[in-house]
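Given the coordinates of chain A, assemble chain B onto it according to the supplied hints.
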Amino acid sequence: MNPSPFPLPLGERIKVRGRLQKMSTLRSKNIVLCAFVCLALIQIGVPLSMIGHRELTLRYGRQYRFRTAPVDPYDAFRGRYVALRMEQDKATVPNGSEFFRGQRAFAHIEVDEEGFARISNLSADRPDGEAYLRVRIGYVSGNNEVHLDLPFDRYYMSEKVAPAAEAAYREHSTREKHDAYVTVRVRRGFAVLEELYIGNKPIREFLSRDDPRGERTEN
Amino acid sequence: MNKKFIRWLYGELPELVSRGVVSGDVAEKLREHYGDVEGQSGHRIALTVCSILGSLLIGAGIILLLAHNWEDLSRAVRTILAFTPLIVSQAIAIWGVRKGKSSSAWREGISTFIALAAGASIALVGQTYHISGDMGNFLLTWMLISVPLVYVMGASLPCVLYFAGITAWSGYEQEMGGYALLFWPLFMLGIPHIWQEWRKNPYSPRSVALGWAASLCLCVATGITLEKVVPGLWIIVYSAMFAVLYLAGGYWFSEVPSTAQRPLHSVGAVGIAVLSLLFTFEFPWKEIGWHHYRYGARFHEYVAWADYLLTTALPVCALCLLVTSVRRGQKSRILFGMMPIIAIIGYGLTVCGQDEFPAMMLFNAYMFALGLGTVIHGTRNLRIGTVNGGMLILTALIIARFFDSDLGFVARGIAFILIGAGFLVTNIILVKRAKGGSQ
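Chains as they are written, first to last, in this note's numbering: chain A, 1 to 219; chain B, 1001 to 1439.
Just so you know, the hints here were simulated from the structure itself, not pulled from any lab data.
The reader is advised that the hints may include incorrect statements.
[What the hints assert, rightly or not] Sample of chain B residues lacking proximity to chain A, with all beta carbon distances greater than 12 Å (derived):
hint	residue
1	1009
2	1164
3	1414
[Said to hold, decoys possible] Stretch by stretch, here's where chain B covers chain A in the computed footprint (C-beta under 8 Å, at least three residues):
hint	stretch
4	30-38
5	49-58
6	154-164
Virtual Cβ for every residue (Gly too), placed ideally from N, Cα, C.
The shape of chain A in the complex, shown without the other chains (with noise of 0.2 Å):
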């Protein structure tokens, strides 16, 4: 490029330059602020995105009865929360069909005599109609069985209450007395847990009332 046969005095260059600088700097700002609102969108927008699916299902998706199955006396409650196992979490595998450990699979889920849900099927691809739930094959047992990781292990619970909680589920969840099970809402394929009762009724409500000394054990 030709230089100018007209330059600039050097107080003029200087002034020219700091502006050039200011505008610069500015404009780098401008980008990093541009950037940062975009993540911090994203960064929004992630857990939304986890709440409106959910909100959705249980506003919108149907409700089953999953009856929870006997668990380890020292197992039940885990930190803030208590593990949960399905009385039904295992599928036999259809003939002519093969999974492997960590393949997403459907369960196909109809409903028994008493009112409960249980896996009717299983196959690799989504089937027809609304009663299907989206699982992840656990392990493959011998017998023509695979073990299902269901989405809906855990119910959060105050520490407060953890003792009260896991006594109660233990004791709901044995071979003789087994009243304990969980509703579950279920919205092509995608299922929220709603609640965990025990003797009927929601698990907060069974601790407030069941108190032997009449006293409320919820805060």
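Frame of chain A, contents of chain B only:
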């Protein structure tokens, strides 16, 4: 040049001028050449560390306060509270960017807080809706929404957290039979930032922290991501990886003697020594090679190409770096740098001969040479740390063989006394030589 050395030089200049070693003009020219050294760098580091710690503690405190009465709150209120730390920290960050705040203390602190708040918001939403415990998905989502902070805010601690997070994710993913191989493209997302910092100053606290984080994460994640359908390839992969780290560290980051400021070199050297010790035993060489190819649901053959790629590419890189180092006259690096060659020979001997003994003997000889060579190198260059490192390698080898052998307590006791005496005598000789040299 490292600012520590520049400060040392500036400290020496007045005495040199007063003794007439250099003139005042020369001293001024040296100051002009090296420029200002920020005398407050120690304060800046302390400020940055305090800022990060403060952010962590405030974030943890807020979460604990919210957790106190969490059960009494409705789902809507819990959701709002889950987002509050994140939104507030983002608002503070936007305010700071608009005000032109550029201090590293502020950037590191606020970026760390945002990264932690993002993870906390996802975790709290998970708790509110009793979301199933898929730790792998949670970690991956958290890391992917946090890593852009590294580039947008120019902060390094989120990058360190990111490396740790994706390493943990790869462990969970491999355990669940997923695609832990994705660790490698995820790891590459942090490399441009490391490159930027190394170009600015390869010995700054940031660059050093990033170097340590990346090296240690590679050490863990490499083994996790290997599919291992051909048993034993990890021997070559890890040997070559440590050699590459060692040689690259020596090639590009050799201006400072401090071990802590040369993470690649340090991790590589320690890795080579530890691996060599492992390979002097029988168990790593058992049932390796194509004859023991693994089948089954747990092993994905189509992903094993990554194992073969690493087994080929890493030794080639190590060899290129070794040749380059030798051409530069850094012959002291040969012993450590040739580890992948020894590993390949050992692997070949075991697979072809179906016998572990030759490889074990080879590595016993190699480790002995490694220790002895390190001691000699340290003695020649009057580096007590290097001599002690070499003695440690020899001691580890001797102790390992003692546990293998049938020698009695007396013989072992005498040997340990001799080794300990050897340490002490060598150190005394070196210290005397160093003092004699300085006089």
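The hints, checked one at a time:
no., hint, result
1, 1009, "32 Å, holds"
2, 1164, "19 Å, holds"
3, 1414, "51 Å, holds"
4, 30-38, "holds (count 5)"
5, 49-58, "holds (count 3)"
6, 154-164, "holds (count 7)"
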